[in-house]
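These protein sequence lines are chains F, G and V, in that order.
Numbering of the first sequence is given in the numbering used here, commencing with residue 1 and proceeding in unit increments.
Numbering of the second sequence is given in the numbering used here, commencing with residue 1 and proceeding in unit increments.
Numbering of the third sequence is given in the numbering used here, commencing with residue 1 and proceeding in unit increments.
Don't take each hint at face value.
Label pairs and their calculated CB-CB ranges [unchecked claim]: (1) G/137 - F/136: 38 to 48 Å; (2) F/22 - G/292: 45 to 55 Å; (3) F/3 - G/137: 48 to 58 Å; (4) F/67 - G/177: 55 to 65 Å; (5) F/67 - V/285: 37 to 47 Å; (6) V/218 - G/59: 51 to 61 Å; (7) V/67 - F/210: 37 to 47 Å; (8) F/68 - V/67: 50 to 60 Å; (9) V/218 - F/22: 35 to 45 Å; (10) G/314 - V/254: 43 to 53 Å; (11) F/98 - G/91: 36 to 46 Å; (12) F/313 - V/254: 18 to 28 Å; (13) V/251 - F/23: 42 to 52 Å.
Below, a list of computed lysine to aspartate or glutamate pairs in the EDC-like style, where the Cα atoms sit at most 16 Å apart [said to hold, decoys possible]: (14) V/34 - V/51; (15) V/279 - F/192; (16) V/45 - F/192; (17) F/118 - G/79; (18) V/279 - F/204.
Everything labelled a hint here was simulated from the structure, so no lab data went into it.
Every residue gets a Cβ at the ideal spot worked out from N, C-alpha and C, and that includes glycine.
Here are the chains, one letter per residue:
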Amino acid sequence: MARKISYQQAINEALAQEMRRDSSVFIIGEDVAGGAGAPGEEDAWGGVLGVTKGLYKQFPGRVLDAPLSEIGYVGAAVGAATQGLRPVCELMFVDFAGCCLDQILNQAAKFRYMFGGKAVTPLVMRTMVGAGLRAAAQHSQMLTSLWTHIPGLKVVCPSSPYDAKGLLIQAIRDNDPVIFCEHKLLYSMQGEVPEELYTVPFGEANYLRDGDDITLVTYGRMVHLAMEAAANLARQGIDCEVLDLRTTSPLDEDSILESVEKTGRLVVIDEANPRCSMATDISALVAQKAFAALKGPIEMVTAPHTPVPFSDALEDLYIPTAAKIEAAVHKVIGARSAA
Amino acid sequence: MSTHLSTEQLLHAYEVMRTIRAFEERLHVEFATGEIPGFVHLYAGEEASAAGVMAHLRDSDCIASNHRGHGHCIAKGVDVYGMMAEIYGKKTGVCGGKGGSMHIADLEKGMLGANGIVGAGAPLVAGAALAAKIKGTDDVAVVFFGDGGSNEGAVFEAMNLASIMNLPCIFVAENNGYAEATASNWSVACDHIADRAAGFGMPGVTIDGYDFFAVHEAAGAAIERARSGQGPSLIEVKLTRYYGHFEGDAQTYRAPDEVKNLRETRDCLMQFRQRSTRAGLLSAEQLDQIDARVEDLIEDSVRRAKSDPKPDPAALLSDVYVSYP
Amino acid sequence: MSQIHTLTMPKWGLSMTEGRIDTWLKREGEQINKGDEVLDVETDKISSSVEAPFSGVLRRLIAQPDETLPVGALLAVVVEGEADEAEIDAVVQRFQAEFVPGGDGEQDSGPAPQKIDLGGRTLRYFDLGEGGTPLLLVHGFGGDLNNWLFNHQALAAERRVIALDLPGHGESGKALQRGDLDELSQTVIALLDHLDIQHAHLAGHSMGGAVSLNLARLAPQRVRTLTLIASAGLGREINGDYLQGFVDASNRNALKPQLTQLFSDPGLVTRQMLEDMLKFKRLEGVDSALRQLAAALADGGVQRHDLRAVVAQQPSLVIWGAADAIIPASHAEGLPAEVEILPGQGHMVQMEAAERINQRLAAFLASH
Numbered sequence: 001m002a003r004k005i006s007y008q009q010a011i012n013e014a015l016a017q018e019m020r021r022d023s024s025v026f027i028i029g030e031d032v033a034g035g036a037g038a039p040g041e042e043d044a045w046g047g048v049l050g051v052t053k054g055l056y057k058q059f060p061g062r063v064l065d066a067p068l069s070e071i072g073y074v075g076a077a078v079g080a081a082t083q084g085l086r087p088v089c090e091l092m093f094v095d096f097a098g099c100c101l102d103q104i105l106n107q108a109a110k111f112r113y114m115f116g117g118k119a120v121t122p123l124v125m126r127t128m129v130g131a132g133l134r135a136a137a138q139h140s141q142m143l144t145s146l147w148t149h150i151p152g153l154k155v156v157c158p159s160s161p162y163d164a165k166g167l168l169i170q171a172i173r174d175n176d177p178v179i180f181c182e183h184k185l186l187y188s189m190q191g192e193v194p195e196e197l198y199t200v201p202f203g204e205a206n207y208l209r210d211g212d213d214i215t216l217v218t219y220g221r222m223v224h225l226a227m228e229a230a231a232n233l234a235r236q237g238i239d240c241e242v243l244d245l246r247t248t249s250p251l252d253e254d255s256i257l258e259s260v261e262k263t264g265r266l267v268v269i270d271e272a273n274p275r276c277s278m279a280t281d282i283s284a285l286v287a288q289k290a291f292a293a294l295k296g297p298i299e300m301v302t303a304p305h306t307p308v309p310f311s312d313a314l315e316d317l318y319i320p321t322a323a324k325i326e327a328a329v330h331k332v333i334g335a336r337s338a339a
Numbered sequence: 001m002s003t004h005l006s007t008e009q010l011l012h013a014y015e016v017m018r019t020i021r022a023f024e025e026r027l028h029v030e031f032a033t034g035e036i037p038g039f040v041h042l043y044a045g046e047e048a049s050a051a052g053v054m055a056h057l058r059d060s061d062c063i064a065s066n067h068r069g070h071g072h073c074i075a076k077g078v079d080v081y082g083m084m085a086e087i088y089g090k091k092t093g094v095c096g097g098k099g100g101s102m103h104i105a106d107l108e109k110g111m112l113g114a115n116g117i118v119g120a121g122a123p124l125v126a127g128a129a130l131a132a133k134i135k136g137t138d139d140v141a142v143v144f145f146g147d148g149g150s151n152e153g154a155v156f157e158a159m160n161l162a163s164i165m166n167l168p169c170i171f172v173a174e175n176n177g178y179a180e181a182t183a184s185n186w187s188v189a190c191d192h193i194a195d196r197a198a199g200f201g202m203p204g205v206t207i208d209g210y211d212f213f214a215v216h217e218a219a220g221a222a223i224e225r226a227r228s229g230q231g232p233s234l235i236e237v238k239l240t241r242y243y244g245h246f247e248g249d250a251q252t253y254r255a256p257d258e259v260k261n262l263r264e265t266r267d268c269l270m271q272f273r274q275r276s277t278r279a280g281l282l283s284a285e286q287l288d289q290i291d292a293r294v295e296d297l298i299e300d301s302v303r304r305a306k307s308d309p310k311p312d313p314a315a316l317l318s319d320v321y322v323s324y325p
Numbered sequence: 001m002s003q004i005h006t007l008t009m010p011k012w013g014l015s016m017t018e019g020r021i022d023t024w025l026k027r028e029g030e031q032i033n034k035g036d037e038v039l040d041v042e043t044d045k046i047s048s049s050v051e052a053p054f055s056g057v058l059r060r061l062i063a064q065p066d067e068t069l070p071v072g073a074l075l076a077v078v079v080e081g082e083a084d085e086a087e088i089d090a091v092v093q094r095f096q097a098e099f100v101p102g103g104d105g106e107q108d109s110g111p112a113p114q115k116i117d118l119g120g121r122t123l124r125y126f127d128l129g130e131g132g133t134p135l136l137l138v139h140g141f142g143g144d145l146n147n148w149l150f151n152h153q154a155l156a157a158e159r160r161v162i163a164l165d166l167p168g169h170g171e172s173g174k175a176l177q178r179g180d181l182d183e184l185s186q187t188v189i190a191l192l193d194h195l196d197i198q199h200a201h202l203a204g205h206s207m208g209g210a211v212s213l214n215l216a217r218l219a220p221q222r223v224r225t226l227t228l229i230a231s232a233g234l235g236r237e238i239n240g241d242y243l244q245g246f247v248d249a250s251n252r253n254a255l256k257p258q259l260t261q262l263f264s265d266p267g268l269v270t271r272q273m274l275e276d277m278l279k280f281k282r283l284e285g286v287d288s289a290l291r292q293l294a295a296a297l298a299d300g301g302v303q304r305h306d307l308r309a310v311v312a313q314q315p316s317l318v319i320w321g322a323a324d325a326i327i328p329a330s331h332a333e334g335l336p337a338e339v340e341i342l343p344g345q346g347h348m349v350q351m352e353a354a355e356r357i358n359q360r361l362a363a364f365l366a367s368h
C-alpha cells in the first residue's frame, strides 16, 4: 500500500486491470484514443487529459473512438450494455449532458424498472466535472444533482486516488448504470493506491476526520477544502467531523444522521450551484430526520447561482474556499471563540 | 432476389399479421371503455412491415421499436397474453405492469423495448449491433421508427456511427404519412426518407408496405448484407395507420374517407390472402382456421388481462438499486 | 550525581516520520519512573503511549497537546537529582539548535520490507538486525508484520529478527490453496529455506502462534525455541463471534465493535486503524482468504487444532494478557513452558505491553 500514484493513473489502472480481468468491458468515447483516421500517432490523446492513454494498444479492439455524436455513442453504449457487455463510455465534459441526456435519463436509467426488473444495464459513464481550470461556463459545471435526481442511476464522486480506483472497479462490476464524476483538478493528486484489484462500496460515506463540535458533509474536490478548514478550526479549538459522501446515489443517510446526532451542527459544502443541489438535499434530509439533534441552523457553502465565470478573478470567487467553510462553521457555532 | 417461402412460413406470416390486427382492433374497442390506463398507439394497417422484417430474425437478433410497438413485439414473439396484461397494467404483464404499452420489452426474445422517445431506439440498436460485432456472432439488430422519428438527431447519429463502424444493423423507417398530426411530406425535407441513406454511406430503398412480399424481399436483402458483414442499410416502408396517433385522436388532419379507402383497396391482410390463395399456395380454409385461432387467443388474453390482479404496492419500490452478489 | 534527560519523539515502525501529541499523562513537577506512560501520541498508524526510558522529575514540558512533531523531536526534560532552570534552559536550547528532523542518515536509507516470489506466490517480509539465531515473528488472523511495530526494532538490537506477512495478509499474495494451517506453516518454512536459515526462534501471536506450533510439529529440527503470545492451538475456546464478526464486517460501524475486543484500551481503535483494516479487507482475494482461514481455525467458538503436545518439544515461553477477550488466558495453564500472564492486558498484548514483552522475550532468547 505504500505506492503513490495520481488520481488519473488510478483511473487508468482501474480500467486496465478490470479490462484484463473481464473481456466484456470496453471503452467508447470521443478521442479516448485519438488519431482515428489521421496520418500521425495512433492513441494520440488517450482522452482529452490523457486519462485513458495506453489502453488502446493494450486492448486492441476494445478502446473505440466515436465521432461527435453523444446521442449516438452513449446510446450505443446503452444498447451494448443490454447485450451482456460492460461498456465504459466517456462524456468528455459533464456539461455535454444536454447532448445525450435522453439515452441516460429515459433509456439506461429506466430499463430495469420499466421492464419489470428483467433488464440489466451495466453501463458506466465517466465524465469530467468541476471548475478551476478557467474553462468557463460550458466546461466547468458539476451537475451532480442532475444525475442524482434521476431514479435508476448511481452517481459516484471520488475524492482521492484510492477511492477513484476502488469506486471505478465497483462501478464497472455494478449492474446498474453509473455516472462516474472525475474532478478535473484532482487528476494530478497523489495518493497511496494498492496495486491489487479492490472495490470501494457504494452508499458508504468515508469519515476523514472524527470530531465532536460540528459535522462537515461534502464530496469530490471540496473534501480537501473541508479538511483544510477543519485543520485551521482545530487550532481555534473547534473540532470538526468531516464526511466524504463518495457516492451521492445511493446516499449514506445513516452516516450523515449519525454524525449530526453526535455533533448537533451541520455545514454542507457543494461546489455545484445552490438551487436544488446536493446541499439542499442533505439539508432537507437532516432537518427532517435529525431536527431534534440540531443545536443551530444548517449552513450551506456552495457556488453562487450563476454560470461559471471565465476570468480567474471571478472563478476564484465562484468556487467555495476553506475560508468560506470556516466562516460558515463560526456562524453555526456562534459565540465559540479561539482558544 | 426473390425468396420462396414455404407453406409453413406463409402460414406463420399470416398468423403474425392476423394476430397483430386482431390485437389492435380489440384494443381499439376496449380502450374506448376507459378501462385501459394511459395511452395506446395502434399499429393496425402496418402489419406487413413487422411481419416481413421479423420473418428473417432469430431470438438472438435484437429489435427496438417506438411508441407504436405492439406489432413489432408480437412479430418478434413476445407473449400475446403477457402483452395484453401489461397494457392493462396488471401484475402478470410482461413487465410486471411497470412499463405499459410504450415500454413493452422482452430481452430474451431480443425485443429491446417499445420506446416512448421516438428515435431513441436507433442508437440502442447500433449498440446491440456493436455488441454482436464485438462478440463475433452473426446476429443483427433492427430499429423501427416512423417518419416523425426519422427526423430525430438520434437517428442521424446512429446511422453515421453504424456506417463508420460497419455495424450489422438495419434502419426501418415506417412512413405512414403522419407524425402525430403533421404530414411527412411536409416534415421530411427529401422526397423519400430512403434518400437520406446515401448521405450516411449506406444503401436505402423505398418499399410498398402494404405488400408483405415486397417487405419480405427487401428486408431479407438488408439482413443478409448485415449478417455477412457488409454493414447497415435503410429501408423505408410506405404504409398507413388506420387509427390515430393515439387512441382518442379524431384524425381531423386526414381526408374524410382516406382510411376507409385504404382499408378497402390496399389492406395488407386482404392482399396477402388474395395473392396466396390465387397462387394456390394456401387455402381459404387454412387462413380461416388461423383467423379463428387468433380470435380465441385475443379473447382469452383480454379476458385474463381484465381479471388479473394489479401489481402489489411493494412493486412501486422494487427494481431500483438491486444489489448483486 | 544529577542527570538531565531529554525525552524525545520515538520512532514506532519504520514508516513513522512524525507524531501528534494527544495528551500529557504526567504533570510538570511530577516524579516519573522508568517504564511509566508519560504522554499519548497519535501517528497515522496507531495511537499509543510514550514510556519513560528513565526516572526522574518531569521538569519541563516542551511539546504541546495537538502539536505535531517529527521523530526525535524534544518532548520534555526529566531530571534525576538537582538542576536549576538555567541548566534546563541550556539543555533545551542546545538540543533545539542541533536537532535536524529526519537527519539521521541511518533513517533516510534505512531497511525496508521486501517482496519475493516464493513458489509462485508473493511474500513480504522485513529483515532487521544481525547475528545470533534469527527470530521469526508471525502475526495473527487479519494482521500483518506491522502488528510487531513496537517489538521488531527493539528485539533486532540483539539479533536478526524477521517479520513476515502470512499468505492472505498484508502485502503478501492473497490467494490461498487449501487455506489451512499446514499451508501457512509450510510457507514460513519456505521462507526460512529461502533465507538459508536452518534454525530459528519462532514467536507467534494468536493464529501465528498456531502456525508456529504447527511448524514445530512439522519440522521440529528447524525450531530452536517457541514463544507463544495469546496463541491459538493451546485450548478449546476461541471467540467465534469475533472471528465471524471480523470477517463479515464491511463498514466501519460493523468493524469497530470487533476491533475494540482486541485491546484492553478501546481508545486505541482509531479512525485510521479502522480505515486501514477496511482497505485491507477490500483487496481482491482477502475476503475468501479470511473465510477459508477462519473455517480452518475454528468451528464457531471451538478451535480445531490441539497443538499442546508440541510445546514440550523445545524450550517455550507463553505470554498472555489476563483480560484477553479472544482466546482465554486459561489456555496457558499447565503447559511445560515459562509462562507470563500480564494482568489487565488484552489480546494485542505485544502492542499494548510492548516494553515488558520485549524485555521478557529478549531475556528468554538470550538464555537459549
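Quiz item: Are residue 313 of chain F and residue 254 of chain V spaced within 18 to 28 Å by their CB atoms?
Solution: violated (48 Å)
Quiz item: Is the hinted pair residue 279 of chain V and residue 204 of chain F satisfied, with a Cα-Cα distance of at most 16 Å?
Solution: Holds - the C-alpha atoms of residue 204 of chain F and residue 279 of chain V are around 13 Å apart, at most 16 Å.
Quiz item: Taking the beta carbons of residue 218 of chain V and residue 59 of chain G, is their distance inside 51 to 61 Å?
Solution: holds (58 Å)
Quiz item: Cβ-Cβ distance between residue 218 of chain V and residue 22 of chain F: within 35 to 45 Å?
Solution: Holds - the Cβ-Cβ distance for residue 218 of chain V and residue 22 of chain F, about 40 Å, lies within 35 to 45 Å.
Quiz item: Is it true that residue 67 of chain F and residue 177 of chain G lie within 55 to 65 Å of each other by Cβ?
Solution: Since residue 67 of chain F and residue 177 of chain G have Cβ atoms about 32 Å apart, the given range 55 to 65 Å is violated.
Self-check item: Distance restraint evaluation - residue 68 of chain F, residue 67 of chain V, Cβ atoms, bounds 50 to 60 Å
Solution: holds (56 Å)
Self-check item: residue 292 of chain G and residue 22 of chain F - C-beta distance against the hinted 45 to 55 Å
Solution: This hint holds: roughly 52 Å between Cβ atoms.
Self-check item: CB-CB spacing for residue 137 of chain G and residue 3 of chain F relative to the 48 to 58 Å hint
Solution: Cβ of residue 3 of chain F to Cβ of residue 137 of chain G: about 41 Å, so the range 48 to 58 Å is violated.
Quiz item: Using the C-beta atoms of residue 314 of chain G and residue 254 of chain V, is the stated range 43 to 53 Å upheld?
Solution: At 27 Å between Cβs, range violated.
Practice problem: Hint says 37 to 47 Å; check whether the CB-CB distance for residue 67 of chain V and residue 210 of chain F agrees. | Solution: With Cβ atoms ~19 Å apart, the hint is violated.
Practice problem: Check the following: the C-beta atoms of residue 98 of chain F and residue 91 of chain G are separated by a distance inside 36 to 46 Å. | Solution: Distance hint for residue 98 of chain F, residue 91 of chain G holds at roughly 37 Å.
Quiz item: Are residue 279 of chain V and residue 192 of chain F close enough, with their CA atoms no more than 16 Å apart?
Solution: holds (11 Å)
Hints 3, 4, 7, 10, 12 and 13 from the list above are not met by this structure, while the remaining hints are.
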